[in-house]
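Colleague: Here are the chains, one letter per residue:
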Amino acid sequence: MLDILQRLGHKALSRLAAIGRAGQLLLQSLVAAPQPLTMLPLVLKQIYFVGVLSLVIIVVSGGFIGMVLGLQGYTILVDYGSEQAVGQMVALSLVRELAPVVAALLFAGRAGSALTAEIGLMKATEQLASLEMIGVDPLRRIIAPRLWAGFICMPILAIIFAVVGIWGGSLVAVDWLGIYEGSFWANMQQSVDFYDDVVNGIIKAVCFGIVVTWIAVFEGYDCIPTSEGISQATTRTVVYSSLAVLGLDFILTALMFGEL
Amino acid sequence: MRMRTVEIGVGAFMLAGILALVVLALNVSGLNPAEQTGGYKVYARFDNIGGLTPRAKVAMSGVQIGQVKAIRIDKDMLMAEVEMEIFNDVDYLTVDSSASILTAGLLGEQYIGVVPGAEEDLLGEGDFIQDTQSALVLEELIGKFLFNKVSE
Amino acid sequence: MKPEHDSIIDIRGLSFFRGDRAIFDDVNISIPRGKVTAIMGPSGTGKTTLLKLIGGQLRPERGQILLEGTDIPKLGRRELFEARERMGMLFQSGALFTDMTVFENVAFPLRVHTALPDDMIRDVVLMKLQAVGLRGARDLMPSELSGGMARRVALARAIALDPDIVMYDEPFTGQDPIAMGVLVNLIRRLNQALGHTSIIVSHDIKETLGIADYIYLLSDGRVIAQGSPEELADIDSEQVRQFMQGLPDGPVPFHFKAPDYHQDLLQEH
Numbered sequence: 182m183l184d185i186l187q188r189l190g191h192k193a194l195s196r197l198a199a200i201g202r203a204g205q206l207l208l209q210s211l212v213a214a215p216q217p218l219t220m221l222p223l224v225l226k227q228i229y230f231v232g233v234l235s236l237v238i239i240v241v242s243g244g245f246i247g248m249v250l251g252l253q254g255y256t257i258l259v260d261y262g263s264e265q266a267v268g269q270m271v272a273l274s275l276v277r278e279l280a281p282v283v284a285a286l287l288f289a290g291r292a293g294s295a296l297t298a299e300i301g302l303m304k305a306t307e308q309l310a311s312l313e314m315i316g317v318d319p320l321r322r323i324i325a326p327r328l329w330a331g332f333i334c335m336p337i338l339a340i341i342f343a344v345v346g347i348w349g350g351s352l353v354a355v356d357w358l359g360i361y362e363g364s365f366w367a368n369m370q371q372s373v374d375f376y377d378d379v380v381n382g383i384i385k386a387v388c389f390g391i392v393v394t395w396i397a398v399f400e401g402y403d404c405i406p407t408s409e410g411i412s413q414a415t416t417r418t419v420v421y422s423s424l425a426v427l428g429l430d431f432i433l434t435a436l437m438f439g440e441l
Numbered sequence: 010m011r012m013r014t015v016e017i018g019v020g021a022f023m024l025a026g027i028l029a030l031v032v033l034a035l036n037v038s039g040l041n042p043a044e045q046t047g048g049y050k051v052y053a054r055f056d057n058i059g060g061l062t063p064r065a066k067v068a069m070s071g072v073q074i075g076q077v078k079a080i081r082i083d084k085d086m087l088m089a090e091v092e093m094e095i096f097n098d099v100d101y102l103t104v105d106s107s108a109s110i111l112t113a114g115l116l117g118e119q120y121i122g123v124v125p126g127a128e129e130d131l132l133g134e135g136d137f138i139q140d141t142q143s144a145l146v147l148e149e150l151i152g153k154f155l156f157n158k159v160s161e
Numbered sequence: 040m041k042p043e044h045d046s047i048i049d050i051r052g053l054s055f056f057r058g059d060r061a062i063f064d065d066v067n068i069s070i071p072r073g074k075v076t077a078i079m080g081p082s083g084t085g086k087t088t089l090l091k092l093i094g095g096q097l098r099p100e101r102g103q104i105l106l107e108g109t110d111i112p113k114l115g116r117r118e119l120f121e122a123r124e125r126m127g128m129l130f131q132s133g134a135l136f137t138d139m140t141v142f143e144n145v146a147f148p149l150r151v152h153t154a155l156p157d158d159m160i161r162d163v164v165l166m167k168l169q170a171v172g173l174r175g176a177r178d179l180m181p182s183e184l185s186g187g188m189a190r191r192v193a194l195a196r197a198i199a200l201d202p203d204i205v206m207y208d209e210p211f212t213g214q215d216p217i218a219m220g221v222l223v224n225l226i227r228r229l230n231q232a233l234g235h236t237s238i239i240v241s242h243d244i245k246e247t248l249g250i251a252d253y254i255y256l257l258s259d260g261r262v263i264a265q266g267s268p269e270e271l272a273d274i275d276s277e278q279v280r281q282f283m284q285g286l287p288d289g290p291v292p293f294h295f296k297a298p299d300y301h302q303d304l305l306q307e308h
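Here the protein sequences line up with chains E, S and L, keeping their order.
Quick note: this note's numbering has the first sequence finishing at residue 441, numbered continuously throughout.
Quick note: this note's numbering has the second sequence finishing at residue 161, numbered continuously throughout.
Quick note: this note's numbering has the third sequence finishing at residue 308, numbered continuously throughout.
Honestly, the hints are just simulated from the structure, not real lab data.
Using N, Cα and C, we set each Cβ at its ideal position, and we do this for glycine too.
Treat the hints loosely; a few may be bogus.
Said to hold, decoys possible - With the C-beta cut set under 7 angstroms, the calculated list includes, among others, these residues of chain E facing chain S:
1) L223
2) L225
3) Y229
4) A272
5) I341
6) I347
7) F375
8) V379
Excised from the complex, chain E in its bound form (with noise of 0.2 angstroms):
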């Protein structure tokens, strides 16, 4: 019994340790003096990595993901003669939830496990090592630059799913089920709120990025730097953004669509 609540008490120090370091490695990365100079082509080129490649698999299910909204919208709201509410229907889910969501998790498994495999294999190649070596930090030249990278491209990835989304809605409830294209867009655009709902939903997007971001680097630079270690960080990498991604989600749509 006691060594269950030993084990169970190790657990959780451990784990405190880890949030503890997690903050530090933010802190350090972040608030170190940057040399905006040299800091925006590495920063550039990490938005390619982070954001450009990720576009495929963000815009075919967004795509995916708009049309069966479409698709399921119309027939659960034709029963009550209200399919002309399928557009406002697709937009509100996509805008809200699904985009800044369903793209966080594809972002963690796309992006996170790949920034957290990278930055492993650096640390067990110590090139890392070697950056430090040479009088380079490694945190201000490999991690900070991926962490803004993140931080960017997660709200503008969640922007291009929810609109490929609507797009999709839009091509199965107009063009295939035959829904007047004038209601469909008319609904839709007086019951989504520029403010309360879009910009609400790019907030989310933009604390997911931040908390994915930050869990996927945090993981790879923290490491044990061999093989089984790396794989072992990745899995926690696309565990831990995922569950963080949908309770923060709780949280903020609480806060924000709460008292509406």
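Given the coordinates of chain E, work out where chains S and L should sit on it, guided by the hints.
Modeller: Same frame as chain E, but now just chains S and L:
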């Protein structure tokens, strides 16, 4: 060479993001930069607001002239009090205008329909619309129908 | 016992702990200037840790690491940055930056520490690559290099700034005979040609004895022997002899601690 690909890629990515945001703003949420002229508050009391919710539209002849901002209970009159924001460029609502809670379509959203009256004076900030028509509640209608039927 | 030439690095009373284990316990080492010094010992004695301590990546619990009088662990960011300009390190796996070409890898320290114009950097990089025999490979990516070639490029990068001290972390481990021979040859030739101080951390007796001028033998966190290769061969110590001759059993026992053999077998029933 590779740097060029990166820069082009990132530029296109950012552009796509900005375009998508614009689409979201204009096409999806109907944000109309011209329309935001602000508005003045007009109030109305109803016995029953039915399914009216904040952000429902306030329309005249079907054209939107404002938005429902808040719904409260008036403790003195024990009725529902609806706060509406009428756009500033709507300057033809007379003091004897009437407000009714209507339904868009059979099972659609409820909105407030305003019909202007014949008086000279116009509604201003903080004024109350006196002539109101509450929402049609299905149970009351059925009750009335049955009552009529019985008395025949 | 003490080297006759002056020492460029003086380690005094060094103590470093990892958890409860003492990696170094009051160790004194002097690295003679301009010579090839080898730090040897069984695996896990913390030889790489010593290099990290000299390079300022780790801080000791006690003791001084004096680089020509400056105590490394006490340096601030700026001074450490300048001190590192004088050191070059060759990591065990080469540790080339995988997202840059060979040329860019060797140019990296130059870009970080100097403000030289591009054409001068190009000249220096080509010279360094020529010294290790890989000038023709300058546009390859590290993934396209063999292990031995990667290490040679890493060596070129380590000497890019013409440092006063070059440190080699297990340079001979896992190399085929030709690559080994090339590396041994390079280390010796560069040391003579460029006049820097070389510190080799290794447990390869044959290769290291061939090029080292002075050797320190570490075990259990202490220096158990030091001297030139000839002096070490004459040392009358069981520990030293076991290591130097590669004997399977001796002060470092063959058998891991286990209960009595007879009892163990019988207990199975």
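Colleague: Look at each hint and say if it fits the structure.
Modeller: Against the structure, the hints come out as follows:
1. For the restraint placing E:L223 at the interface with chain S, the shortest Cβ-Cβ distance is roughly 11 angstroms, beyond the 7 angstroms limit, so the hint is violated.
2. Annotation: E:L225 was flagged as interfacial toward chain S, and the flag holds, the nearest CB pair being 5 angstroms apart, inside 7 angstroms.
3. For E:Y229, the suggested interface contact is upheld, since its CB lies about 4 angstroms from the closest CB of chain S, less than 7 angstroms.
4. With its C-beta approaching chain S no nearer than about 5 angstroms, E:A272 sits inside the 7 angstroms limit, and its interface hint holds.
5. A distance limit of 7 angstroms between C-beta atoms decides the matter here; for E:I341 the minimum to chain S is near 5 angstroms, and the interface restraint holds.
6. Taken as an interface hint, E:I347 checks out: its beta carbon lies about 6 angstroms from the nearest beta carbon of chain S, inside 7 angstroms.
7. Proximity of E:F375 to chain S holds as hinted, the smallest CB-CB distance being about 4 angstroms (cut-off 7 angstroms).
8. Satisfaction of the interface hint for E:V379 is found here, the shortest Cβ-Cβ separation to chain S being roughly 5 angstroms, below the 7 angstroms cut-off.
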